[in-house]
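**Q** Chain by chain, the residues:
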Amino acid sequence: MNDRATADDALIRLEGIVKEYPMGMETVRALRRVDLTVRTNEFVAVMGSSGSGKSTLLNIIGLLDVPTSGEYWLDGRNVARLSHSELARLRGRQIGFVFQTFELLPRQTALENVQLPLMYSRTRGRRQRAVEALRRVGLADRMAHRPNQMSGGERQRVAVARALVQQPSLLLADEPTGNLDTQTGGEIMQLFVDLHASGQTIVIVTHEPHVARCCGRIVRLRDGQIESDAPNETASC
Amino acid sequence: MLILPNVQNALDQLRSHKMRSVLTIVGIVIAVTSTITVVSVVQGFATYVSGFLKGMGTNAMWVWPERPPGEAGKTLGRVELDLQDLAAVQRGCSALRLVSPLIMSQSATLRFGRDELTVPVEGVSAEYHAIRNLPVGVGRPFAAMDVEGGHHVCVLGREVLRKLNLDEGLVGGTLLLDGRRFRVVGLLDEKGSFLGNSLDNIVLIPYTTALKMYPQFRRRMALAAQAASEKEVREARSQIVNLLRRRHGLNPYQPNDFQVRTQDEILEAFHAMSLVATVVLAGIVGISLLVGGVGIMNVMLVSVTERTREIGLRMAVGARRRDILAQFLTEATVLSLIGGGLGIGLGYGLSWLVSLHPKMVDITVPGWVVILGFGISAATGVVFGLIPAVKAALLNPIDALRHE
Numbered sequence: 002m003n004d005r006a007t008a009d010d011a012l013i014r015l016e017g018i019v020k021e022y023p024m025g026m027e028t029v030r031a032l033r034r035v036d037l038t039v040r041t042n043e044f045v046a047v048m049g050s051s052g053s054g055k056s057t058l059l060n061i062i063g064l065l066d067v068p069t070s071g072e073y074w075l076d077g078r079n080v081a082r083l084s085h086s087e088l089a090r091l092r093g094r095q096i097g098f099v100f101q102t103f104e105l106l107p108r109q110t111a112l113e114n115v116q117l118p119l120m121y122s123r124t125r126g127r128r129q130r131a132v133e134a135l136r137r138v139g140l141a142d143r144m145a146h147r148p149n150q151m152s153g154g155e156r157q158r159v160a161v162a163r164a165l166v167q168q169p170s171l172l173l174a175d176e177p178t179g180n181l182d183t184q185t186g187g188e189i190m191q192l193f194v195d196l197h198a199s200g201q202t203i204v205i206v207t208h209e210p211h212v213a214r215c216c217g218r219i220v221r222l223r224d225g226q227i228e229s230d231a232p233n234e235t236a237s238c
Numbered sequence: 260m261l262i263l264p265n266v267q268n269a270l271d272q273l274r275s276h277k278m279r280s281v282l283t284i285v286g287i288v289i290a291v292t293s294t295i296t297v298v299s300v301v302q303g304f305a306t307y308v309s310g311f312l313k314g315m316g317t318n319a320m321w322v323w324p325e326r327p328p329g330e331a332g333k334t335l336g337r338v339e340l341d342l343q344d345l346a347a348v349q350r351g352c353s354a355l356r357l358v359s360p361l362i363m364s365q366s367a368t369l370r371f372g373r374d375e376l377t378v379p380v381e382g383v384s385a386e387y388h389a390i391r392n393l394p395v396g397v398g399r400p401f402a403a404m405d406v407e408g409g410h411h412v413c414v415l416g417r418e419v420l421r422k423l424n425l426d427e428g429l430v431g432g433t434l435l436l437d438g439r440r441f442r443v444v445g446l447l448d449e450k451g452s453f454l455g456n457s458l459d460n461i462v463l464i465p466y467t468t469a470l471k472m473y474p475q476f477r478r479r480m481a482l483a484a485q486a487a488s489e490k491e492v493r494e495a496r497s498q499i500v501n502l503l504r505r506r507h508g509l510n511p512y513q514p515n516d517f518q519v520r521t522q523d524e525i526l527e528a529f530h531a532m533s534l535v536a537t538v539v540l541a542g543i544v545g546i547s548l549l550v551g552g553v554g555i556m557n558v559m560l561v562s563v564t565e566r567t568r569e570i571g572l573r574m575a576v577g578a579r580r581r582d583i584l585a586q587f588l589t590e591a592t593v594l595s596l597i598g599g600g601l602g603i604g605l606g607y608g609l610s611w612l613v614s615l616h617p618k619m620v621d622i623t624v625p626g627w628v629v630i631l632g633f634g635i636s637a638a639t640g641v642v643f644g645l646i647p648a649v650k651a652a653l654l655n656p657i658d659a660l661r662h663e
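So the sequence lines, in the order shown, correspond to chains G and R.
Counting from 2, one number per residue, gives the positions in the first sequence under our numbering.
Counting from 260, one number per residue, gives the positions in the second sequence under our numbering.
For the record, the hints were derived by calculation from the structure and aren't laboratory data.
Please note that a few of the clues may not be correct.
[Stated by the list, open to error] Over the 10 Å line for every Cβ pair with chain G, so calculated as not near, a few chain R residues:
{"id": "1", "residue": "SER275"}
{"id": "2", "residue": "PHE304"}
{"id": "3", "residue": "GLY316"}
{"id": "4", "residue": "TRP321"}
{"id": "5", "residue": "ALA346"}
{"id": "6", "residue": "ARG421"}
{"id": "7", "residue": "LEU423"}
{"id": "8", "residue": "LEU435"}
{"id": "9", "residue": "SER457"}
{"id": "10", "residue": "GLN475"}
{"id": "11", "residue": "ARG504"}
{"id": "12", "residue": "GLY508"}
{"id": "13", "residue": "TYR512"}
[What the hints assert, rightly or not] Which chain R residues face chain G? A few, computed with CB under 10 Å, are given here:
{"id": "14", "residue": "LEU261"}
{"id": "15", "residue": "VAL266"}
{"id": "16", "residue": "ASN268"}
{"id": "17", "residue": "ARG274"}
{"id": "18", "residue": "ALA487"}
{"id": "19", "residue": "ARG568"}
{"id": "20", "residue": "GLY571"}
{"id": "21", "residue": "LEU572"}
{"id": "22", "residue": "ARG573"}
{"id": "23", "residue": "ARG579"}
{"id": "24", "residue": "ARG580"}
{"id": "25", "residue": "ILE657"}
Just so it is clear, CB atoms sit at the ideal spot from N, CA and C, and this is done for glycine as well.
All chains should be modelled from the sequences, with the hints used to inform the complete structure.
**A** As structure tokens, this is what we get:
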């Protein structure tokens, strides 16, 4: 087994990924031999109906879950069979997550929430870096607010800042606009577009066509397999 | 380790669940409070008792007749110490410096003018002042003449004087003791009280006079003695035992028909008592720690369930299992340490309250028991916080994030 991916600029390289869950007496096959390569600075939308396996795929890409079989190279390193602690370390440093329901700690301010990943990587100068990340998402004046003092759009911006604060090589978003109204959702998507323009690699899972329209490439899943994978020539928000 | 953020996080949790946290730590509070209070009181008594025994005289010891229990006792004839025994001990025990007989009547009637009161009377020799450390402040102690002649003279403790509402002018005057007229020749120095009993409520008379007045107490005559030095206390004891056994004609298989007690032995008896108190305390502490610990475990399990999504999020942004473990262990420990702190505060308060009782000894909370209090509460937090913390650390990040 070659431990390095081919010498291209592939950030994510999945080969024959299979994921099975035991569900009572039966085994559910959420992913059936998925091959996928994402290069640095791509902006990919993963689409599919519910149950298509798109969330499972995102969890495996985000190192929250390990595949039943298949190989996964992240930034040239085989990560399919790492220990819990190595996975946690890679998650913290290489991957930024944005969730549909924000997942901010309710009793902490925006600034403290953004510092959380830096705390677990024992990074120095946390405050300064968190301030910069919040500035980047346009929340320089909201740093001392708690989540319940902010609007949904602001909360999601805090979550994006938290995802960016480690300067991860990969930003993963799971239905990032799912809990927002159309206009606020559009603003968040614009933020992603801007981040992509500045060089960030982004993978978004969504079932909303107007979200996918912003991305440069659209991957469609159906029954745990890739149905189509095509560049979106007319990307626009 | 992320000690500071974990502690801050734990305090945040406590603040947002005040009621629940308070109820949880009640068991720990009780355990630590009772530890502090009981240890301090026992310690206070121990200090007081040893101080008191020193005040009873230096290297003092007591000998009194006592029929041994069981069959052995029945075969013995008269069990008593007589004046020949006294003379023999005075002559034959080189390790003793002073010896005095001691004849006690617990309730003699003392009358002065129209006032009448009941006082304990001790018939002793002049040496008794030195043995018991009872110096005469005003007037004089008994002279050898008084003892030999069986004179009706007495030395009074200050408490007797107070009860009679009299001052030092009484020295030289007379009073009636069980119907006999006695001249007051001296007053003892103030001794204070022990466990609420005044040590100054005492009347000393020559033992010769006491033997004449109370012939029925002749058979209960005891000896008070003082060893020549601390080192010779044991030697003095064995000299007394050997001499009295020989004099009483006891064969090697017969037990002593008398008892010898030194100050150290009395102290040991007290320590045995305080050991019982300590064992009872350990029981209380053990049960309340168990209750408190189960309470903490319960609340931490609830907390882990409530915050499953938070745990998932923390794992997603890079927390390792051991980080989550440390977070919840810290929370349990902070909870129990706050209980310990409250317990220490309450323990101080209770010790202070107890010391307000007029018959109570001085109580100080020793420093080591405060450290012990913090130690047992921290240990409870760690031990009972472990299962919830392990449960949190072993959560699967995806399941945790999906938790409703």
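**Q** Decide, hint by hint, whether the structure agrees.
**A** Status of each hint after checking the structure:
Residue placement check: R/SER275 does not keep its beta carbon more than 10 Å from all beta carbons of chain G (closest about 6 Å). Against chain G, the non-interface label of R/PHE304 holds: every CB pair exceeds 10 Å, the least being about 49 Å. Its beta-carbon lying about 67 Å from the closest one in chain G, R/GLY316 satisfies the requirement of being farther than 10 Å from that chain. Distance check on R/TRP321: its Cβ is at least 70 Å (rounded) from any Cβ of chain G, clearing the 10 Å threshold; non-interface status holds.
Remark: the non-interface label on R/ALA346 is consistent with the geometry, its nearest Cβ contact in chain G lying 87 Å away (cut-off 10 Å). Non-interface call for R/ARG421 relative to chain G: holds, since the shortest CB-CB distance, roughly 67 Å, exceeds 10 Å. For R/LEU423, the shortest C-beta to C-beta distance to chain G comes to about 74 Å, beyond the 10 Å cut-off, and the non-interface label holds. No Cβ of chain G comes within 10 Å of the Cβ of R/LEU435; the nearest lies about 83 Å off, and the non-interface call holds.
Against the 10 Å criterion, R/SER457 stays outside the reach of chain G, whose nearest CB is about 62 Å from its own CB. No Cβ of chain G approaches the Cβ of R/GLN475 within 10 Å, the least distance being about 83 Å, so the stated non-interface status holds. The claim that R/ARG504 lies off the interface holds: its Cβ sits roughly 78 Å from the closest Cβ of chain G, which is beyond the 10 Å cut-off. With a least beta-carbon separation of about 85 Å from chain G, R/GLY508 lies farther than 10 Å from that chain, consistent with its non-interface assignment.
Every C-beta of chain G lies more than 10 Å from that of R/TYR512, the closest at about 76 Å, which supports listing it as non-interface. The restraint placing R/LEU261 at the interface with chain G holds, with a minimum CB-CB distance near 6 Å, inside the 10 Å limit. At about 13 Å, the closest approach between the beta carbon of R/VAL266 and any beta carbon in chain G exceeds 10 Å, and the interface hint on this residue is violated. Proximity of R/ASN268 to chain G holds as hinted, the smallest CB-CB distance being about 9 Å (cut-off 10 Å).
At about 8 Å, the closest approach between the beta carbon of R/ARG274 and any beta carbon in chain G falls short of 10 Å, and the interface hint on this residue holds. Taken as an interface hint, R/ALA487 does not check out: its beta carbon lies about 72 Å from the nearest beta carbon of chain G, beyond 10 Å. The criterion of a C-beta within 10 Å of any C-beta in chain G is met by R/ARG568, whose closest approach is roughly 7 Å, and the hint holds. Hint status for R/GLY571: holds, given a least beta-carbon distance of 8 Å to chain G, under 10 Å.
Interface hint status for R/LEU572: upheld, as the beta-carbon distance to the closest one in chain G is roughly 4 Å, under 10 Å. Checking R/ARG573 against chain G by beta carbon gives a least distance of about 7 Å; that is within 10 Å, so the hint holds. At a threshold of 10 Å, the smallest CB-CB gap from R/ARG579 to chain G is about 4 Å, leaving the interface hint in force. Using the Cβ-Cβ criterion of 10 Å, the hint placing R/ARG580 at the interface with chain G is satisfied: the shortest such distance is roughly 6 Å.
About 5 Å separates the beta-carbon of R/ILE657 from the nearest beta-carbon of chain G, less than 10 Å, and the hint is met.
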